[in-house]
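**Student:** Each chain is listed here by its residues.
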Amino acid sequence: MAEKKQGRSPMVMLLKHREIGLALILVALFVLVGLRNPAFATLSNALFILEDTSIMIVLAIGMLCVLLVGSIDISISAIMAFSAMTAGIVMKGSLNQASVQQMVDGVMQSVTVRQGTPLIWLILIGIGVGAACGLVNGVIISYGKVLSIVATLGMQYIIYGLSHVISDGQAVYRKDMPDAFYQFSRTSLLGLNAKVWIMLAVFLLLWVLVTYTRPGRRLYAVGSNPEAAQMSGIDARRSTLLAHVIMGALAGLAGLLYASRDTKITQDMAMGYEMYVIAACVIGGVSVSGGSGKITGVVLGALTIGVINNGLTMMRLTGNSEFWKKAIQGALILVSVIMNVLIQRAHTQQILRRRNI
Amino acid sequence: MTQQAHSTRTLGRETVAPVLQVEHISKLFPGIKALDDVHFDLRPGEIHALVGENGAGKSTLIKVLTGVHQPDGGRILMDGKPVVMTDPLVARRHGIAAIYQHLAAYPHLSVAENIFMCNEQRQGKGPFISWRTTHRRAEELLRSLGSTISPGELMGALSVAQQQIAEIAKALSQEARVLIMDEPTAALSRRESEELYNIVRRLRDQGTAIILISHRLEDTFTLADRVSVLRDGRSIGTWQVEEVTADTLVSHMVGRSIDQYYPNKSSQVGEELLRVEGLSRTGFFGDISFSLHAGEILGLTGLVGAGRTEVVEALCGVTCPDTGQIYLKGHPVTIHSPHDALKQGISLLPEDRQKQGLLLPWSIQHNITLLRLDQHLKGGLLSYPSECKVGEEYVRLLSIKAQTPQEPVESLSGGNQQKVVIAKLLTADARILIMDEPTKGVDVGSKAAIYQIMVDLAAQGYGILMVSSEMPEVLNLCDRALVMRSGRISAMLRRQEFTPEKLLSAALPLSAERKGEEVLHG
Amino acid sequence: MTGAQKPTGRIPGFLRRREWLLAVLIVIVYFVFNSQLPESYTVVNLLNQSRVYMVDVGFMAVGMLMVLILGDIDISVASIAALASTVMAVTYNAGQGLPFLVSVGLMLLVGLVCGLINGLLVTRFHELFPMIITLATQTLYRGIAYIILKDQSAGSFPSWFSKDLGYGSVRILGVEVPLMLICILAVFPLYYLWIHRTAPGRRMFAAGTNITASRYSGVRTDRLKMTAFVFNGVMAAVAGIFLCSRTGSVKYTIAAGFEMQAIAVAILGGASTSGGRGSVVGLLLALVLMTALKNGLMLLYNDAFILNLSIGLMLILIVLVPNLWNMYRSMRTLRRQRLAISKS
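Protein chains in written order, with our numbering: chain A, 1 to 357; chain B, 1001 to 1522; chain C, 2001 to 2344.
Worth double-checking, as some hints may not be accurate.
What the hints assert, rightly or not - Below, a list of computed lysine to aspartate or glutamate pairs in the DMTMM-like style, where the Cα atoms sit at most 25 angstroms apart:
1. B:K1355 x C:D2151
2. A:K145 x B:D1322
3. B:K1329 x B:D1352
4. A:K145 x B:E1175
5. A:K145 x C:E2019
6. C:K2294 x A:E227
7. B:K1329 x B:E1410
8. B:K1033 x A:D168
9. A:K264 x C:E2019
Unchecked claim - Sample of chain A residues facing chain C (criterion: CB under 7 angstroms; computed from the structure):
10. Y157
11. G161
12. W324
13. G330
To be verified - Covered stretches of chain C, going by a simulated chain B footprint (3 or more residues, C-beta under 8 angstroms):
14. 2192-2205
15. 2308-2319
16. 2329-2339
For the record, the hints were derived by calculation from the structure and aren't laboratory data. What you are looking at is a predicted structure, and each value in this text was computed from that prediction instead of being measured. Glycine included, each C-beta is placed from N, C-alpha and C at the ideal position.
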């Protein structure tokens, strides 16, 4: 009957700390691609992947907060575009005269300071606009009791529309960007790119928030059992609001990084990005129904997607791998979430067998 | 304060000043008056039972006391001073803790975190939570309750009884002076209940005032010092437990007297309908064999977690057994889904009627007709008049209390909801009826009605398999009873052999040595 | 969660049903734009423009409604349409490949297979949310279209297909009604009967309301889900047919973003992403409303983004306003009760 003593087997440990498993998969992926193309498994390429993925990590950390409370936000790419566009307009100093000026005349005019706008202002504007969008999302969802998919789907349309309205369909290019903004995503410090540093700062901040502070732990509580949360005096609405504001602010920040990296701000920038971010969270072990998920898992999930993306380019599969990339990406996301389920099922079976009935 | 209460308790209850008083409390919900001028008082070191039918206002009163709801009139006094419970955190600061009927646990979080939720152990006065202190204190609390649960375990991985203990630890961590327990034993077996009783008594002797809400009258009589009855949101009265009998209490709750609680079962046991041989499912149950006859009520009892629900779910195709064979009227059958089971003539009244039994926002008639929509087709399309007819028929037949069959089931009381589930099953024409805890969370009046329905059905030739944790139910209704213990059938008793002791000894776990022996021989 | 949606107070009688609310909105939208643009914004013009706004998204929304009623979601529909169109265009190969109707048959088959894959994944892996699964297949299907078509475009369909079906119309009561519109309108009565009047339709609503209870009541929920996802896949392919005939060529990016439009229309028409609700009549009215609104905005502003903005606003408001109204009603009832108590 009891063929094995399964007390603290590596398998059990692995499942308890899924992040370790994910890290192992990541390393395996790295080695596998590296065998095919030695240029892949180098430190510099690893750093490149980290740099390339840092925007997604920032977003995925925000999405973690939202998913924890049992909500979801599919308007993040719109928020990214909108906040980048707002900052871009400040850079350019040209608001869409025709349609908006009447509406927000004085307010916008006063912040429109042309080329010389200090970077910090741009960043604050981006984050502020993002947080404001998140706030609207949060209010509609928590106080208006609208399902989060519906609310953020609607907001996605609205925010994309708004970024068109304020820009009048004009993109912002390198020539309109202050050098400081251009350098924003290109500076290095101690061998690491600014994006990575920003990502690390966000990670640290949010890690402390969700593991060591009460508002952070309440995100988990609200998602885990909303009724219980209500009975013990936790305001679920406020937690939901907080999660969406965090998501919005991070999307704003990510939008700026994205814009600076691509040296172009268009009204439909980053369209469809939200799906990769959600996929990163799911691969990282976050439950879409709320209440469970770790910030380290999310980072590893985003890195997995980053390694897949980069690896696919480096694998040089057929003539032009660019065409294959999308399909393989989809297939790999599918495989990794299904693997998760199968491992979980095997684990449950094992526990059942140990009951000896 | 608490010590004083302890010493005076023995002197004479009347002299002790109440720790908590509720005066003229009213609570409104849109269109309903949930509490109407309710009075209640609680003395330190007493267990005060609060009883009443479903919808009598017990849970609402608790929520008012714990600050979840704000009363619309009246006041609450603690130690004679009026207090306002603006939210649950304020109530907690006043020393009121509650353990709710539906466990208010966070399944994804650790036991330690559950215990200290909203009462986080911080590092000094800073904003950060100290996990080390949290775990240490949680461990201390759990050990003081004689439990071996590890504080790092996820709450969702614990059994219901263990979760209940963790909830008590949570209440203890708040150093509560008033502890409210809403249906603490509803999900527990008798033995687990006993353990809980001991803990509750110990807390009382330490001076904690306890409000106990329970549908089981035996809880009230074994534990409580005083008992208060609520009916339709009003206070009916408060008595010393010694002053009242079960019958008078029930008549106060229902508002009339119930002559016969358990109906006489007179039906003859007929041919064999169902036989099960060697049914097993890894991790849940093993080697289950029994048979069920027409006109018979067969009890399936044992502790919660013994595998009773899992067995009936396998019979009904909700889950698949690994090995074993099911015979219907002597013919072997395989059942892959509830759909198959119904086709073969087996219907299940599930344990959790709200989640598994009913479509709450749907009307009574649509719930009833869901099982046999094919009976209401006219030219391939559903016929509304035909559904109405069947709806009305069953509402009358089972005397479901509703204005019309079009009323949504979520507006019905628990007992009437259960009758709707039974009505739905009756449309299936399945002769084998499996009822998993048919009277769980059902008020006294409806309980008697459900027993009567069961006996009537047996008389019509139905074979009924009833899963039950309530000993009196099994003793009074069943022709035979199967007892399960850790996934296996430990005894099969006939009506003549029924005694509470026999049922109990078959249900209780074997001692460790004997279990080892059994494994060796098996 | 959905408790707040139960009307406790009385919403002005006829507006309580989503269908009536939509009908009223349609009339308002029509008269507002008609007064602004009396020349160009007419019924004739609306019918003419319905090709663009009503047909392809309409077919996707028809499939989506069933999935939403079951409480699931499918965001791969636009990719299915793209993949199916790609297969059709490539196999037909501008007349050099298979006969055109065979290619179209293949297209429907692709839709069916894609839907089948979605359905299988959803029913075999209950632990995964359909949203996540179809998120992955969305990338996968469009990725396959990308592999097949690279960054080229394909087209040159037979003229009856791109001319007659795409831009042809039939004269009914003196009004030119586009052929396409007739095709989609023909679907609705049958669909209505299927969803609202047959036993499987009822069971779909049951499964969306409470899947466990439905399963316990003998509803074969997995089979229903398979049906819904396969139907959805086929409808996506059908949408692809009309899209191809209208645009005349296929790129791998065809129909990008249509899944959100389809979901938005279905929700506007009374469906909910939490399942158990939805109405075929509501869906039709929502489509008409979208057409009326989009057309008017397009004429006024000639700007796709303004259009999106107003659709987004409408989507949120149509769910939000009744919620707020109900909250207000129950607060008012409470206040009245309190008043009655304090008087007595």
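**Student:** Against this structure, judge whether each hint is valid.
**Tutor:** Against the structure, the hints:
1. B:K1355 x C:D2151: violated, 51 angstroms
2. A:K145 x B:D1322: Not OK: K145 (chain A) and D1322 (chain B) at ~44 angstroms, beyond 25 angstroms, violated.
3. B:K1329 x B:D1352: violated, 29 angstroms
4. A:K145 x B:E1175: violated, 36 angstroms
5. A:K145 x C:E2019: holds, 21 angstroms
6. C:K2294 x A:E227: violated, 41 angstroms
7. B:K1329 x B:E1410: violated, 38 angstroms
8. B:K1033 x A:D168: Violated, at about 57 angstroms.
9. A:K264 x C:E2019: Violated - the C-alpha atoms of E2019 (chain C) and K264 (chain A) are around 44 angstroms apart, more than 25 angstroms.
10. Y157: holds, 3 angstroms
11. G161: OK, holds: G161 (chain A) within 7 angstroms of chain C, min 3 angstroms.
12. W324: The hint holds - W324 (chain A) has a Cβ within 7 angstroms of chain C, the shortest such distance being about 6 angstroms.
13. G330: For G330 (chain A), the interface hint holds, since the closest Cβ of chain C sits about 3 angstroms away, which is under 7 angstroms.
14. 2192-2205: Coverage by chain B holds here, the residue count being 6 at a Cβ distance below 8 angstroms.
15. 2308-2319: That given contact is violated, which follows from only 0 residues of the region 2308-2319 of chain C lying within Cβ reach (below 8 angstroms) of chain B.
16. 2329-2339: holds (count 6)
Consistency with the previously given hints fails for numbers 1, 2, 3, 4, 6, 7, 8, 9 and 15, ordered from lowest to highest.
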